[in-house]
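Peer 1: Protein chains in written order, with full-length UniProt numbering: chain A, 1 to 280; chain B, 1 to 263.
In short, the hints are calculated from the structure, not lab data.
For glycine and all other residues, C-beta sits at the position ideal for the given N, C-alpha and C.
Do not take every clue at face value.
To spell it out: a stretch of chain A is covered by chain B in this simulated footprint if at least three of its residues, at any positions, have a beta carbon under 8 Å from a beta carbon of chain B; those stretches are [unchecked claim]:
id	segment
1	151-159
2	163-169
3	220-233
4	242-248
Ranges between beta-carbon positions, derived for each pair [said to hold, decoys possible]:
id	chain 1	residue 1	chain 2	residue 2	range
5	A	K203	B	A132	40 to 48 Å
6	B	T135	A	G180	25 to 33 Å
7	A	G200	B	T135	47 to 55 Å
8	A	K146	B	P256	47 to 55 Å
9	A	A197	B	V152	31 to 39 Å
10	A	G180	B	P229	43 to 51 Å
11	B	N221	A	P268	54 to 62 Å
For lysine-lysine, the following PhoX-like pairs were computed, each having C-alpha atoms within a straight-line distance of at most 25 Å [to be verified]:
id	chain 1	residue 1	chain 2	residue 2
12	A	K143	B	K118
13	B	K234	A	K203
14	B	K234	A	K146
15	A	K146	A	K201
16	A	K203	A	K146
17	B	K234	A	K210
18	B	K118	A	K210
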Amino acid sequence: MTTAREGRHLPISEDQLSRLTRDLETAHRDTLPAMRANAADLAEDIRSGQGDARDRAQHPDRRRLLLGAGGLAAGLVLAACSNDGKSNSASSTKGVGAAPSSSASASASSTGQYTGDLQVVALAVALENQAVGAYQATLNAAKAGKLGTVPPAVATFVTTAMAQHADHAKAWNSVLTAAGKPAIHNVPLSNQPATLAALGKAKNYTDVAKLALQLEDQAAQTYLFATSNVKAAAGIATAASIAPVEAMHAAILHFILGQYPVPDDFLPTDKAASPALLTV
Amino acid sequence: MIGVVDIDTRLLEELSEQSQDLNSDAVRITRDALSDFTAATGPQPRHWWRRGSTMAAAAGAVGLASTRTAAAAASSTDIMALQTAASIENLAISVYQTASGLSFIKNGNKTIAEFIAKTTTQHQAHAKAFNAAVTQAGGKAQNAPDPKYAAVVKKTLPSIKNTADVVKLALTLEDVAAQTYTKNVSQVSSAQLRKLFASVAPVEAQHRATLLAVQALLAGNMANLIAIPTDVAKLPAAAGSVGFPNAFYPTTNASPISEGAVK
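Given only the sequences and the hints, what does the whole structure look like? Please build it.
Peer 2: Right, dumping it as structure tokens:
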């Protein structure tokens, strides 16, 4: 696998690199001014004690932008996630794609630390950390030669998707910490042991791509579930802004796997993760 | 033709540094805002997810008259948003159907032709769903195209000479659709409508991701790799990431809810 960290040169066309760079700069420049203005509005709004109703009517994107900008702060930091004892001790035979459907209610989690909307936020962080960890493990396995030859496009996919999932995790964690709850840096999901086991059995990039597709589908569909089950406007908007990105990851994975990239007319929720998966 | 060349990774590192500078700016501003948040709310902070329930309780005490007014306003917003969504879908259907008849599409890359055909049916399904929701809400179905982007299409169509031009136009429509629906999720009044918009936006985003990858391959004169299954080993590195340029789907170019509303 060729990466920027391993060699001094990358095979990429100048045209492609320029386009990617322009897109990145545009994304930043489009987001930052709006985020500055909206962050100031948010602080003023809170000081004046205005509630969600007015906020939602006049500034529906405000807190989503704040969260998004905070998420961008993750930048190129690609954090590997670990599995704590609690997560490891949770027994489950469920595969990552076998999560309960969206019919599962957002009831109290196993320890009751995160409840209501915050339980969905905690679930979101856990899913994002799970994805980051899976992609990091993929990079490690590839570097160790355990996956055979990894095509350059797959390597780029993994590093870029992993960075975006880290951004998402950062955004959701900022919500938890602002609520006085601890941030989640591990994967407190009962299906994590099965995920790690599947990763450990991967012999090539195709195996990894199949597993990654399950994780991306799970994340995208969980956010779709969240948009109609979370009460807070900012939570709804944030979930709505992330679901398409996870779906885009899935589209490219379909293409890599030789499958049609847009298989569904409407995003389903049959693979959405239930808050019951949380072990915190 | 622009071939594949070796780029010094120091260039990438410089670009990364610039990116991180922008990110640092975002971090600082976000921290300031969160500090303000904490300072403003004091020792017993009322966070946004808690204020929601507070406001809901307050709303319950306002009285039936104002509730009815709010419901009527929300319904009007819902109808306009659904009509605008249908208008965007109508335009997309029209563009893809027109594209499918162009000789360089009909006789060109088979996978692109199949994508156009499949995407047309998906947009038809979306239009049908949005219009069904409109009529269910008591509004009129929207069968006309979005006027703003219809003008863009009208201006662009005569200059379309090849597949790349078609892809570029399609990208514009898919992106505005995805951005509009992503924003609509926060604008409509019911969980049912939120779910509708939130279930369509990712599909439009997937169309865009596919088109971005196709565009990159066409630009790199690698149309032979636009195939299902493709030769993954021969794909350029950028093909793995060009399809999802944003960590959070933007809404800056979302259409206003009134843009395609029935007049």
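Peer 1: Each of the hints needs a verdict: does it hold here or not?
Peer 2: Tested hints:
no.	hint	in the structure
1	151-159	holds (count 9)
2	163-169	holds (count 4)
3	220-233	holds (count 9)
4	242-248	holds (count 7)
5	A:K203 <-> B:A132: 40 to 48 Å	47 Å, holds
6	B:T135 <-> A:G180: 25 to 33 Å	46 Å, violated
7	A:G200 <-> B:T135: 47 to 55 Å	53 Å, holds
8	A:K146 <-> B:P256: 47 to 55 Å	52 Å, holds
9	A:A197 <-> B:V152: 31 to 39 Å	51 Å, violated
10	A:G180 <-> B:P229: 43 to 51 Å	50 Å, holds
11	B:N221 <-> A:P268: 54 to 62 Å	37 Å, violated
12	A:K143 <-> B:K118	38 Å, violated
13	B:K234 <-> A:K203	20 Å, holds
14	B:K234 <-> A:K146	21 Å, holds
15	A:K146 <-> A:K201	10 Å, holds
16	A:K203 <-> A:K146	7 Å, holds
17	B:K234 <-> A:K210	20 Å, holds
18	B:K118 <-> A:K210	23 Å, holds
Going through the hint list in order, the structure does not satisfy hints 6, 9, 11, 12.
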